[in-house]
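Mind assembling these two chains? They're in different frames, but the hints should get you there.
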Amino acid sequence: MSQIVILGAGIAGHTAARYLHTLLPAEHQIVVVSPNPQWNWVPSNIWVGVGQMSEKEVSFDLAEIYKKTRIDFKQAKGIAIHPEGSSTQSKPYVTIESTLAHTAGQIESIEYDYLINATGPKLNFGATEGLGPDHGHTVSVCTAEHASEANHKLQLIIAALKRGEKKTIVIGTGHGTCTCQGAAFEYIYNVDHVLREAGVRQLARLVWISNEYELGDFGMGGVHIERGGYITNGKTFAESLMVERDIEWIVRAHTKKIEAGKIHYETLDGAFHELDFDFSMLIPPFNGVGLKAYNKADEDITVQVFAASGFMKVDADYTARPYAEWSANDWPKTYQNPSYPNLFAIGIAFAPPHLISKPMQSANGTPINPAPPRTGMPSAAMAIAVAKSICDMINGAEGPTHTASMAKMGAACVASTGAHLLRGSAATMTVYPIVPDYETYPKYGRDLKLTFGEIGLAGHWLKTLLHYTFIYQARLKPGWRFLPD
Amino acid sequence: MTKSINKEPYQQAYYPPTPTGITKYMRSNLIWQLIRFVMINLKMLKLMRKSH
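Heads up: the sequence lines are chains Z and Y, in that order.
Letter by letter, the first sequence follows residues 284 to 768 of the working numbering.
Letter by letter, the second sequence follows residues 3 to 54 of the working numbering.
A portion of the hints provided could be inaccurate.
Between beta-carbon pairs, the in silico distance windows are [as the list claims (entries may be wrong)]:
#1 Y:Glu10 - Z:Tyr755: 28 to 38 Å
#2 Z:Gly482 - Y:Tyr17: 24 to 34 Å
#3 Y:Tyr27 - Z:Tyr755: 26 to 36 Å
#4 Z:Lys540 - Y:Ile37: 48 to 58 Å
#5 Y:Lys9 - Z:Val586: 51 to 61 Å
#6 Y:Pro11 - Z:Lys449: 18 to 28 Å
#7 Y:Thr25 - Z:Gly482: 19 to 29 Å
#8 Y:Lys9 - Z:Ala646: 25 to 35 Å
#9 Z:Glu347 - Y:Glu10: 50 to 60 Å
#10 Z:Gly482 - Y:Pro11: 30 to 40 Å
Below, computed lysine-lysine pairings styled on DSSO-like, alpha-carbon distance capped at 30 Å [to be verified]:
#11 Z:Lys374 - Z:Lys405
#12 Z:Lys760 - Y:Lys45
#13 Z:Lys616 - Y:Lys26
Derived by calculation from the structure, the hints in this document are not laboratory data.
Every residue, glycine too, gets a C-beta built ideally from N, C-alpha and C.
Looking at chain Y on its own, in the form it has when it is part of the complex (with noise of 0.2 Å):
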């Protein structure tokens, strides 16, 4: 798909920004995203107290 781009630059495919490949890594890099989880879970018990 992305092969095709260039030589169409109208598709709308070819404006929004793509993630890099370090960036599609680190979404599935196990020690990142357990990370992460911990990161979610406190920003949504954040939001919660604040909701309540």
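Okay, chain Z solo, but in the shape it has when bound (with noise of 0.2 Å):
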């Protein structure tokens, strides 16, 4: 008999859950810990964070789900992982501390056979002074939680323009070093649309600012795509989109601080700016969720098994390198870790080797430049490679046996641009591969027969539709595995 524990319970965490439940006989174990009693489909949020879904319809109560299976669910955060025992316990073991009201604090050690690390990231409003809802000036949408109460300020602000009043309303990336641009983009125009459905459109001065060197980036390096007999970079049709809708960007930028009604931002040039606000929504930098790892001799290892952003070292070439000799082979295949077998990160819990995106920095030396996305299809992929390997190798395999390597598949993303089921869009993209492959596709990196990208209602209905499809697979719902991932 085997235990298997994954600490996390997102979309990666809960995929090789829902996988391993399947795939393992009942003698085996499956313990899946996570701090949040619930599941959050996190591409809808966007849609709480204007009010056009509630929290109840992008989340679902985990411990309810799990209770139907044999997956034992802890409601509980990682804390430390003891991956050679320790000098008082011979097994492999996970040390958990409780987020349920009645046990809050109370630390546990769960033994282990295999671990999945699926933690997710700490949302790092911390990185810039004045960011995030809690201690600063902006809202989020990165739980549903938060989209409900941006949702909350933007109606505050809808209210004023509907009061004659004119307003500014910001939204991008918190910081030059953000991942996820493609949220605040969702968001961005799906406040324009709801703006242009009260009326109020015309009184509210939208603005775009993030990290990436050119609209379209989205961390991955931007992408071309065949359209009207050229090839055209995104760019040209992320910045078509942003004048389409009367709204202006910035980019190239970091965020430095943020006061009551004011961002500070640098650019790539060196120079600083300041920029006046009535609203805002910034994404936050992320880093790991801050684990950390003992040897037998209960000594600290974590610089051993984690990278220096707190995401685990998986089997990736992190040798420093040079862009011009970065490879799509330093992209980790099988998501072990290199020092204990048994161990594996998925999602954004993995460290990536380096970035995707051209690495850039200011005349100041501030690094301005997107992390890579590993969210959404890319950490299921992953979730489904590594619950397929610790099958085997509870079987007999000598090592992980499926492989599921950002520079060998591709990534669907349907970004919402406005709710409605006949006067919605959205910008339906698929790139393969997702990290640029110029051994293979020597000119632009990928495959332009599989790479496109358009916009349209056809888009608002497709990101409908997975809303309601990937929320009944999550549930395990009867047939759940014959849908796709």
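Here's what the structure looks like:
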């Protein structure tokens, strides 16, 4: 009998749990540890942030779902990994701290045969002074709760606009090293959409601010697509949409500090600027959640297991090299930790070997470049590969048997630009592969037959369909395993 | 907004392409969008097949 512990129950962790539960015989135990009792379909948070969905519509109670299975759910946060056991415990184990109201703060050790780290990111609002909903002056859509709060503040702005007041709304990234520009992209267009529906758009100035070198970078170095007889960079389409919706944009920007109603930012040319705002949603940079690691002698080995960012090292090539020497082969394939073969990290929790976008620094030495995205479809693909590898390893395989390299997989992204059955729209994009492979596709790094983008009402229907499909699947409703991940 | 663009050629909104009326209409035309819905799904399935 083996015990598999999964830290985290987001898209990656919950997908791994679903597959392990299906693939492994009943004698094996699966334990899922998550500090949050709710599973959240994060891509729909932007609709919560504009009041078109409620928190309940994008999340559900995890414990209730796991009760129907043999998965043991613990509401707790991971504290430390002991991959060699300790001076008093022979088996590897992880220490967790309860986040349940009646046992909050209680520490527990759970032994494991295999551990999957799917903890996702720490939303590092502290990286920029004044950033974030808790201690800052901006809102967030990173969690359903944050998005709900964002909507509450947005409705106050809409009420002021209806009174005839003029307002400035700034949406984008809150630091020079942020990822997840896509969520901010969706949010600004959904805000634009609800302002138009409310008949007050002409009174609002909408401004996009981001750390991308050009619009449409999205942390993937942008994309090229075939359209109208040309191979065109996504920047053209991203700028076109901004102009169409009367949105101004600022790129190559590192948000340095936020005061009430004022954003201070630095641009790649080394200049410093200020931007006044009445309402702002800025995505924070992501860090690892702060897990520690200890060896058999109880010595701290965190730097051996985790990168400086707090994300876990896996089978990537972390050798520091200049951009010109980066390769698609640097990216991990099995997500196995190089020191401990029964330790895996998936989703945002694994440490990428380097950026995908070209690294940039301002004239003052400030890094202003997007971090690589690894949410959604890639997270699920990694989770499935790791779950299958663990099953095979339990059955005697010497090492991981399945791979899911971001340099060998594609991703589909449906970015809402306004929610309505007939008047809605979304930008639908696919890229293959996610990490450009310039050895296989020398000019653009990607297969242009599988990389495309378009905008229209069909995209909105698709995004709505995906919302209901993935929540149905995550709730383990009948036939879930026949649905695509 | 568009009325003032030609008098201020260095505004950022002056340079990117903007959709024509027919392009915007087709984005919400129900029949065309139903066809696009099917086509997008087929493209995604092709992408997923290649990814796995």
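Verification of the hints:
no., hint, result
1, Y:Glu10 - Z:Tyr755: 28 to 38 Å, "violated, 50 Å"
2, Z:Gly482 - Y:Tyr17: 24 to 34 Å, "holds, 30 Å"
3, Y:Tyr27 - Z:Tyr755: 26 to 36 Å, "holds, 34 Å"
4, Z:Lys540 - Y:Ile37: 48 to 58 Å, "holds, 49 Å"
5, Y:Lys9 - Z:Val586: 51 to 61 Å, "holds, 59 Å"
6, Y:Pro11 - Z:Lys449: 18 to 28 Å, "holds, 26 Å"
7, Y:Thr25 - Z:Gly482: 19 to 29 Å, "holds, 25 Å"
8, Y:Lys9 - Z:Ala646: 25 to 35 Å, "holds, 33 Å"
9, Z:Glu347 - Y:Glu10: 50 to 60 Å, "holds, 58 Å"
10, Z:Gly482 - Y:Pro11: 30 to 40 Å, "holds, 31 Å"
11, Z:Lys374 - Z:Lys405, "holds, 28 Å"
12, Z:Lys760 - Y:Lys45, "holds, 27 Å"
13, Z:Lys616 - Y:Lys26, "violated, 42 Å"
In the structure shown, a violation is registered for the earlier hints numbered 1, 13, in ascending order.
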